[in-house]
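From first to last, the protein sequence lines stand for chains A and B. With the working numbering as the guide, the letters of the first sequence map in order to residues 784 to 1184. With the working numbering as the guide, the letters of the second sequence map in order to residues 2 to 170.
Calculated directly from the structure, the hints in this document are not laboratory data. Here the structure is a predicted model, which is why all the values come from computation and not from measurement. Don't take each hint at face value.
Claimed, not checked - In silico contact screen, one side only, chain B against chain A (beta carbon under 8 Å); selected entries: (1) ILE5; (2) SER6; (3) ARG34; (4) LEU36; (5) LYS46; (6) VAL48; (7) ILE71; (8) THR74.
What the hints assert, rightly or not - Which residues of chain B face chain A? A few of them, derived with a C-beta cut under 7 Å, are: (9) SER37; (10) VAL39; (11) VAL43.
Unchecked claim - Dumping the calculated DSS-like pairs for lysine-lysine here, alpha-carbon to alpha-carbon at most 25 Å: (12) B:LYS151 / A:LYS913; (13) A:LYS866 / B:LYS45; (14) A:LYS866 / B:LYS42.
Every residue, glycine too, gets a C-beta built ideally from N, C-alpha and C.
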Amino acid sequence: MHIEEVFKAINGNHKYEYFVIDTEHKVLEFSENILSLYDVNRTECDKLQMHDIAEELVGAEEEIKAVFEGTLESFSIPFVYKKGRYYNIGVHPGKATKRSSKAFKYRTVVVLLEDVNEIATAQQALIQEKNEKSLLLEEIFEKNRSLRKYNEKMQEMVKTEMARVLEKQKMIEHKARYIQMGEMVSMFTHQWKQPLNIISIIGNVLKMNLSKKNTKADKETIEKIDRILEQVEFMSKTITDFQHFFRPTKEIKPFDVCRAIDDVVNIVRFLFEYHGIDLLCKCEKPVIEAIGFPNEFKQVILTLLSNAKDACVANPNENLKVIVEAEEDEGSVKVRVKDNAGGIPETLIDKIFDLYVGTKEEGSGLGLTLAKNIIEKNMGGKISARNEEDGAVFEISLQKA
Amino acid sequence: MTHISRKIVLIGDFSTGKTSLIRRFVENRFGDRYLSTVGVKVSKKQVNVGETTYVLLIWDIEGGTAQKSINTTYLRGAHGAIVVADITRNETMAHIETYLETVEKHVGKVPAVIAYNKCDLLDKTALERFVEERKTNVSFSVPTHYVSAKTGEGVEAMFLSLAKALGEG
């Protein structure tokens, strides 16, 4: 746009300031207020260069050259804030060169500062309001996001806590059943021990009486009485074992792992024999001492043996076998319960100790979770499961005494 | 001693603290009140880099919004750029790359830096975690500065590093 058209366009409605430069960017003339707008001293006027006054045009040299050449009609920098007011700075062609062969089409260029303070101020108020609203919205959005995140976290926590409480409740129920059984066994022991003692005393008196006569028939009878007394002794021991089994150990202490295994094996042996399963107990040494709660350890062994028995019953073969091994290994005692009943399904092996996970349809899924809790949480040991050859192996590791 | 004028543009989303950073650098002042910039304001400051004195013409450009990007007319002839983001507003950081691309598109490959402003709003641990997280997950080809117009932390160093880069360029 030519400068004359620009002035027409302004149409007297806007205030404006200007300065005119030549092709060397020397300021040829300027409006009165330009000096104060750019902090220029009047004494410097004679040698003023464009960049001395209009720092906004630094970097725009190429465009200014293009305006002189006539290849760029004009250009402007809108809403430049100067001395408390807003200006549109426009660069427009001025006087044309006389000869068209010259490199420049124009001898001068006019830099026009149009005062657009009213429009800019109104726009500033609008932008301010819009930006403040956007900031508020961003803040609300961010707070919502945090709340949602917090809510999700809380839900997750509640879910975890619920699962934990449920697990604990099931454990308590399980333990309560044990305690009830313990009480029953206690009463049972009390009721049975007395008659067993009497049978034993009567047997011994009979033996003593018959020994005096010492006939052949009496000798045979004495042998039979001895067998009765052996059975009575076995029943008495079994009842004592039961009684000890259900009595919780109050403090962690050294105990003989082999003895504890024997106690459990004695209780379950008949069940294994009934199902035709060989139950072998292989302790490396006569006494292997570990640190822990002996009766709770027995409960774990009972669970593992009971599971192994169930697995054997569910997967019968001609040579069903369950082996309990115990050995010392540097600072620890290792106990393994192995069977040859086909092993744990691969899909379950990694979560076999999880709550409600089990291989038996009618099982509660609590036994192994409880076993893991007893060994790892209460006794500081480790329990793991793996498949080996033709069956499952459960390995317990306890601290050596 | 030579004096060279260099145009530096500060761009970024609205309310990231561009005006405050310039005010801190030029006048060593800070005001809490948020006043949106309209158009552009050019400030001037001399800095010495070795034997050369640079007159930095610092363009404070109206910030971009989701509806309106910055006016690229203001970038014309810039010798360097500072892309400013608000460390507490993810959205402003998400636009850093776009601003860097805009600068390159309109003025070519000029020295640029990224300013994560308002660092004073994070405590030391959170800031360290943020810096570490950015190092791991975000990679820009230009230097990054963690600054606070409020406390002045890192502001002078950031402008000087850019001035030095202008000299090297």
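Right, here's what the structure says about each hint:
| no. | hint | in the structure |
| --- | --- | --- |
| 1 | ILE5 | violated, 10 Å |
| 2 | SER6 | holds, 5 Å |
| 3 | ARG34 | violated, 11 Å |
| 4 | LEU36 | holds, 7 Å |
| 5 | LYS46 | violated, 12 Å |
| 6 | VAL48 | violated, 15 Å |
| 7 | ILE71 | violated, 12 Å |
| 8 | THR74 | holds, 6 Å |
| 9 | SER37 | holds, 4 Å |
| 10 | VAL39 | holds, 4 Å |
| 11 | VAL43 | holds, 6 Å |
| 12 | B:LYS151 / A:LYS913 | holds, 24 Å |
| 13 | A:LYS866 / B:LYS45 | holds, 14 Å |
| 14 | A:LYS866 / B:LYS42 | holds, 10 Å |
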